[in-house]
Amino acid sequence: MSGYRLAAGGRIDRSRPLAFSFDGQGYQGFAGDSLASALVASGVTLFGRSFKYHRPRGLVGMGPEEPNALVTVDRGPARITPNLRAPQVALHDGLQAKSQNRWPSLKFDVAALNDVFGALFPAGFYNKTFMWPRSAWEKLYEPVIRQLAGLGDSPVARDPDHYDATYAHCEVLVVGGGIAGITATLEAAAHGGRVILIDEQDELGGGALADPVQWAALDALKEKLAAAGNVTVMTRTTAFGYYHQNFIGATQSLTDHLAPADASGPRERLWRIRAGEVVLAQGAIERPLVFNGNDVPGVMLASAGRMLALRYGVAVGHAVVVMAAHDSGWRDALALAGAGVHVAAIIDVRNVVGADLADAARDAGIAVHIGCAITAVHGRHAVTGVTFAANGTGPACKLACDAVLMAGGWTPSVHLWSHAKGSLTWSEAWGAYLPGTPIENCRAVGAGAGAWDMGHGVVTAVLPSHIDVRAQKAFVDFQNDVKARDIHLAVQEGMRSIEHIKRYTTNGMATDQGKTSNLNGLQIASAALGRPVEQIGLTTFRPPYTPQTFGALMGHHKDALFQPVRKSPIDEWATEHGAVFENVSNWRRARYFPRGGEDMDAAVLRECAAVRRSVGIFDASTLGKIEVVGPDAAEFLNRMYTNPWKGLQPGRCRYGLLLREDGFITDDGVSARMADDRFHLTTTTGGAARVLGMMEDYLQTEWSDLDVWLTSTTEQWAVIALQGPRARDVIAPLVSGIDLGAEAFPHMAVREGTIAGVPTRLFRVSFTGELGFEINVPASEGRKVWEEVWDAGQAHGITAYGTETMHVLRAEKGFIIVGQDTDGTMTPYDMGLDWAVGKKKPDFVGKRSLARPDMGLPGRKQFIGLLTEDPQDLLEEGAQVVADPDAPMPMPMIGHVTSSYRSAALGRTIALAVIADGRARIGQTIFVPMPGKVIRATVTAPMFYDAEGSRLNA
Amino acid sequence: MILIHCPYCEEDRPEVEFTYGGEAHIARPLDPGALDDRQWETYLYIRRNPRGAHAERWRHAHGCARFFNAVRDTVTDRFEVTYKTGEPRPAGDTK
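First to last, the protein sequences are chains A and B. Just so we're aligned: the first sequence equals residues 0 to 953 in numbering that gives the first Met the number 0. Just so we're aligned: the second sequence equals residues 0 to 94 in numbering that gives the first Met the number 0.
These are computed hints drawn from the structure, not numbers from a lab. Ideal Cβ positions, reconstructed from N, Cα and C, are used throughout, including at glycine. Hints should not be assumed to be uniformly reliable.
Here's a subset of chain B near chain A, in silico, CB distances under 7 Å, partners left out [stated by the list, open to error]:
{"#": "1", "residue": "M0"}
{"#": "2", "residue": "I1"}
{"#": "3", "residue": "L2"}
{"#": "4", "residue": "R27"}
{"#": "5", "residue": "W39"}
{"#": "6", "residue": "G51"}
{"#": "7", "residue": "F66"}
{"#": "8", "residue": "T75"}
{"#": "9", "residue": "T84"}
{"#": "10", "residue": "E86"}
Starting from the given sequences, assemble the full structure and let the hints guide the process.
This is the structure in structure tokens:
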């Protein structure tokens, strides 16, 4: 027990005690406390276990830089938030927090054995050790590493909280509400226009909150902010990313600081802010010093000790030693002493320190050891003392203490500045990078800009020591357990770029993104490489500045709003009739209609048989549809599709095949010529938008001389496919104005008339191989017409079928599905669609590519059918096909199965595949190796049913 | 989220309304059949990929649906200028 609550002081409200728990034990704090300050006040030193070695760790900082004190806050079932930084968790009554990465308990952690065997875990350990055997990675290494090297656990249940998202626009956005940020806000406000000030803390003030001398001035500034009519102030709001054109992402925490009973409304709100000018007033983060034992709980930043004492009224210990390399450590020591904290000694690594500081310290009763460095910190779960020596190498002196404060200088927070690609300039005086030239309309102010008198300090944060660096536990990155010697080792093993050193050692790669470790790591690398820091450069800063919740980033985009579900006009009917649905691109489509406990196989076999025997009804409304209109419509389609279109007579349909310019199939569909200057195009369900975009591209940018208009009509038409030998009989009583006779209305024709009193474009087309119609009616009339057809079909045994049956029926006929049987590398010749290519056309999209020599080389995969030797063996779609199952590994693969089904009509399984030189292999046996067995199959033509097409033309 | 100026709508609109269309000013040959394989390859696949100013096609897909051209700096992602399809690349846009 070392920390304690001071008798007076701080900005906490001592009249409002708050009860909370940490690892199940009850504690008390006050309103205005953070979890960290309340725990330190209660004497807690041990906050967590480190990532790799499971070393006991305490609090280091009092802001977003905190690397160790990561806690899980439990706000009830499914409201468990891991990895929160204790100093940034506002205390509320009933708060329940627990430590992480320890088992079975924080004080006794079995995995701390890693620390004993620490020599086994050097830099690059993961890269070196777990490379082989490969199979061990999945089964052994990864699960074990995940168990040992973890942060907090994610909640298992779905997050019940609501997250808001909104936009804001302003002339000036100020990020950071310290004195510099408030001042910049007031200056901007004086010029008029909208000004937004955001700050991540509960209250404005930044560093001044740890300086009571400034509180009166701070209050006066806050009053001015409140009085300005054009200023919006948002606290508990973290600007996490700075994007192009002054676009800032910020998350506002709305309820986490409240007791659950008091919380209502959204938990967080994501702000997307577009600003004319951005002013970054992010301040600076104090740098730790790198010395042996600098991670023992109780060793923390001097700024944290000061913040605890002066903002929260908490002493970090009964005997505090300040280890300084910078004047600010002396000021903090004096401030602590003034607040009633016993500062035992200041040890300063520098040989010369300003006389005013030294005198003031002595006057305050603080022992002063100049030109000395700590060489060891004693204690395991809490500091019990330090050993120090002159220059780190002289005779060792021991000093009892229960807290050590490090003052290693300051690192301006340039994170957001760097997100926006602003340049950085090395400052020798600061020993840090400062904002240089911005790309955006942006400026930095205050400590974050280096515009602050920090006093003098030394550039290096690594303390000399008489102990061999290899034996030291001198940590650079606390969260990722990177020691000074790891960086030396990385350099020794050949890493030269700071980006490589970072990844090899993982320095700066933890959730704190190196807020305390980047500069120290850089300086150690600089010394090891023998090159000045500014020549080594800095690793890249990327959003987010601090970890953000997935909830805030998702906002409203969940459940039904995650991705819009497109539903056809028949969707509700299908639901009422028990359809099982599947998603096809963004559409929800009926997959099959099970009856009385049928599984999919049984339902599909029944549906398939019904279509071939009598008649089936299918919702094809999702087909992409484009109305192509204009005097040059035929010429345009002639250029787009492989087929000739100019000779197509009005009232007739044609199968169109669309290639990309590289010659590969991208879409297909049956289209109808409604009039000389009007076509009704159909595309695949998933290709509708892509095809329209592609056609618009050619029309707008290549052939702007053509007078053609393209209009998407996908959602304007409901399409009812009626397929089977009784199809004509079903619609005959409903149709007027159209002669349905086989000769008057042949296969691949289109007629306009009415059906059930509704105007229709009636296509006689078939994707099943049966006599069939596709009834296009306005979407608003879709369900009405569907139901009339359904009723009329009852006398004929009409059966509703879904996409699965549609797939089987078309596969029996060898009709391709683009994207399933083709994969973006298939030409019309590969797919056996030579007949669809207009040989006499001088040009169409993709024609020139088809003439490339490679397109005709032997060995290309060709579309064929497969019949397994055992008629009940069902091949797996995607399964690889081989010619010789006994060939040595790696076995040459000649193709793969693209479609595979149980065929009711054939009473056996069928499959489609693409295999090398497939058409020349017809009649041969190929093999499909599967786990446990090799399936033999015979190559056939891709046509299993009614090859002569008599049923289709009936 | 970049704002892009649509030269047809004459408005700055958020980038989510637009789709990218590759390098600009590559006209499809009027008679592809007259090109040898190397020329066709050049038309089909060979692109400049510069560091800096890049003339490229964009489409205001969720707006006017028109294709237009833009000069964008590939280093800063800054749009220097946008202009209508068919217009020449503006002179002096390169820094």
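**Message:** Hint by hint, where does the structure go against what was stated? Just the numbers, ascending.
**Reply:** 6, 10
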